[in-house]
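Chains as they are written, first to last, in the numbering used here: chain A, 1163 to 1459; chain B, 3 to 335.
Everything labelled a hint here was simulated from the structure, so no lab data went into it.
Since this is a predicted model, take the numbers as computed values, not measurements.
A few of these clues could be false.
Calculated cross-link-like contacts (lysine to aspartate or glutamate; reagent style EDC-like; alpha-carbon spacing at most 20 Å) [as the list claims (entries may be wrong)]:
| id | chain 1 | residue 1 | chain 2 | residue 2 |
| --- | --- | --- | --- | --- |
| 1 | B | K79 | B | E148 |
| 2 | A | K1253 | B | D190 |
| 3 | B | K12 | B | E176 |
| 4 | A | K1253 | A | D1350 |
| 5 | A | K1253 | B | E192 |
| 6 | B | K79 | B | D133 |
| 7 | A | K1253 | B | E176 |
| 8 | A | K1253 | A | E1351 |
| 9 | A | K1353 | A | E1326 |
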Amino acid sequence: MTGVDFLNLLIAALLLGGIYAVMSVGMTVIYGVMKIVNLAHAGFMMLGAYFAYELYQRLHVPPIAAALMAFPFFFLVGVVVYWLMVRWLPKSSQPTLASLLLMFGLWLVLQNLGYILWGNTDRSILSPMTFSVIHWGPITISTLRLVVFIAAAVCVAILELILERTWYGRSVRALIQNPYAGKIVGVDEAKTSRITFGLGIGFAGLAGALLATLYSFNPDFGRPFLLRAFVIIVLGGLESVSGVALGAIVLALVETFSILLVPAAYQTAISFTLLVVVLLVLPGGIASLVAKKRRIA
Amino acid sequence: MSAITTSRVKSALPWMVLAALAIAPSAGLTANIVRLLFVTLVWVTTSLAWNLLGGFAGQVSFGFAVFYGIGAYTAAKMIDAGIHPLPSFLAAGAMAAGSSLLVGVPTFRLRGPYFAIATIGVSEAVRVIADNLSITGGASGFRIVEHRPFRQLEHYYTALGLAALAVMVSVVIEHSKFGLGLVAIRHDEEAAADVGINPFAYKLWAHAVAAALTGMAGGVYARYAAFIHPHGVFSFQTSVYILLMPVIGGIGTVMGAVLGGVIFGIVEEQLVANFPNVHLLLYGGLLILIILVEPDGLVGLAGRLWRRITRHHGATDVAGPRPDEILRGTGGA
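Just need the whole structure built from these sequences, with the hints factored in.
Structure (structure tokens):
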């Protein structure tokens, strides 16, 4: 492998890492605040993909704009789902059997709703940008991937800012660190949970819509990404946004460079192997390597 | 009905059901009904197996299809090579139990959602690998040639024996120190560890026993079906089915697991035949409904009705099944 090939792969991996990060932060904030593993994340990603597809096909909205529109839409969906189902779950400091099964049931419903509405044929969003590339010396970058990366990075950065700077963000961090102490000092747990669930689902929709501009999709779209999101949030230490960014880049690097050694058909096995290795070696995620661990920040 | 008669009926009931199922085929049932009973018994076995880990120990697995598939392929390969079915089924169970360590060892040491997450990963990874291996026949499947005459009743009694074994194992575990330890882990893992229970070993054993039963069920099914392929036995759907049954019946109870398996076995084919596109949607909806409305499943519902009836007659002694606080409480997963 020449140096230029290496550089091209490295850039591709970093661009992929940005998308992986936006895909995983939604799960992380929900897990952090509510200790719910959102298995339905995959279902909302799939809906996000079709949301962008329908907007592009019917109203000719540019795909990236459609993806950004997916966020507020799915935020509202998330708030409704929270109000209808999630708030009835028993509260716990550990993920419960009930929450896992509920989110799993929701995923089944969403996925099969997708099959009913759109059938099982693969769809894709082809815009003029799809095939354009930027040449920069010997380096070639897909324009679309770059744009998607920028959109993803900006969204994650905004989330980070919200968590850092706003009262809501402070409530989120309080609930993650110590729910009881948080409530004592006046954090409205129900309200924070509601907004967080909305944010989580909003990010799922956004990630799905962004991914839809790059890959073809069907109603089973989210599943392979769900496992990747798990690996990433475990790598990141489960509850931290910056950990997620790090985990996303690690997974993207491992996946991209493993193509040189392992057949592409075994990609899913790669994420799983990485998960097992991390659980055995670093159960606290990469963040646990850093002595003074800062959660969500 | 006094409490004593109730408990006597309860302890005699399994034997009566077993006897009825043993003589049922000679009562002139059609081959199709026997087949339906066979399939139902296989499902009941897997449902009981899932309940050992998910119900007793509170560890949700979304990947039981892995054990079902490994069992199916092990038995299929051995029977195809001319080995007697019985040792093949035992080998199927052993293989499945062995592979359960692959997920159990890295994840059971940790508290939190790691196990549940890993099971989704492993089922994805295993199906992808099975699809690409030549030993499984790849995506085109594997046809089992058994050099013995096909006798449906033999299959039926194998499945009946296995289901009876699963019930026995479940009841024995439920009343043993081991079973109590599992329930303690479900309620509070740290507290359980404080009183001398080793959560890691307990969970690992429960997982292995559940995997062995599921593997054997897969083997028994494979021999009957005579054709298996990765998208059938290893499919995500199989995992969904295995998890759904004990939840429908009443998670954490032997009665519930059996009940869920029976209902699922009878309804499943009709549902798939009549609503090929929406049956998983219905299952998902059912799952949501059960969790939100009646977390103790049908057993919980029956208990609630029973208490209402007895209260109506002015009785104070409640002898009906007691709802367990598994999905209502804060038991870990």
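Cross-check of the supplied hints:
Distance hint between B:K79 and B:E148 is fulfilled; the C-alpha atoms sit about 10 Å from each other, no more than 20 Å. Simply put, A:K1253 and B:D190 have alpha-carbon atoms about 14 Å apart, close enough for the 20 Å limit, and the pair holds. Between B:K12 and B:E176 the alpha-carbon distance is near 15 Å, which keeps this suggested pair within the 20 Å criterion. Between the alpha carbons of A:K1253 and A:D1350 the distance comes to roughly 14 Å, so the proposed pair stays at or under 20 Å and holds.
Proximity of A:K1253 to B:E192 is assessed by CA-CA distance (about 18 Å); at most 20 Å being required, the pair is judged to hold. Straight-line distance between C-alpha atoms of B:K79 and B:D133 comes to about 16 Å, which keeps the hinted pair within the 20 Å bound. Distance restraint check for A:K1253 and B:E176: the Cα-Cα separation of roughly 27 Å exceeds the 20 Å cut-off, and the hinted pair is therefore not satisfied. For a cut-off of 20 Å, the pair hint linking A:K1253 to A:E1351 stands: about 11 Å separates their Cα positions.
The hinted pair formed by A:K1353 and A:E1326 meets the criterion: a straight-line CA distance of about 18 Å does not exceed 20 Å.
Hint compliance for this structure: hint 7 is the single one not met.
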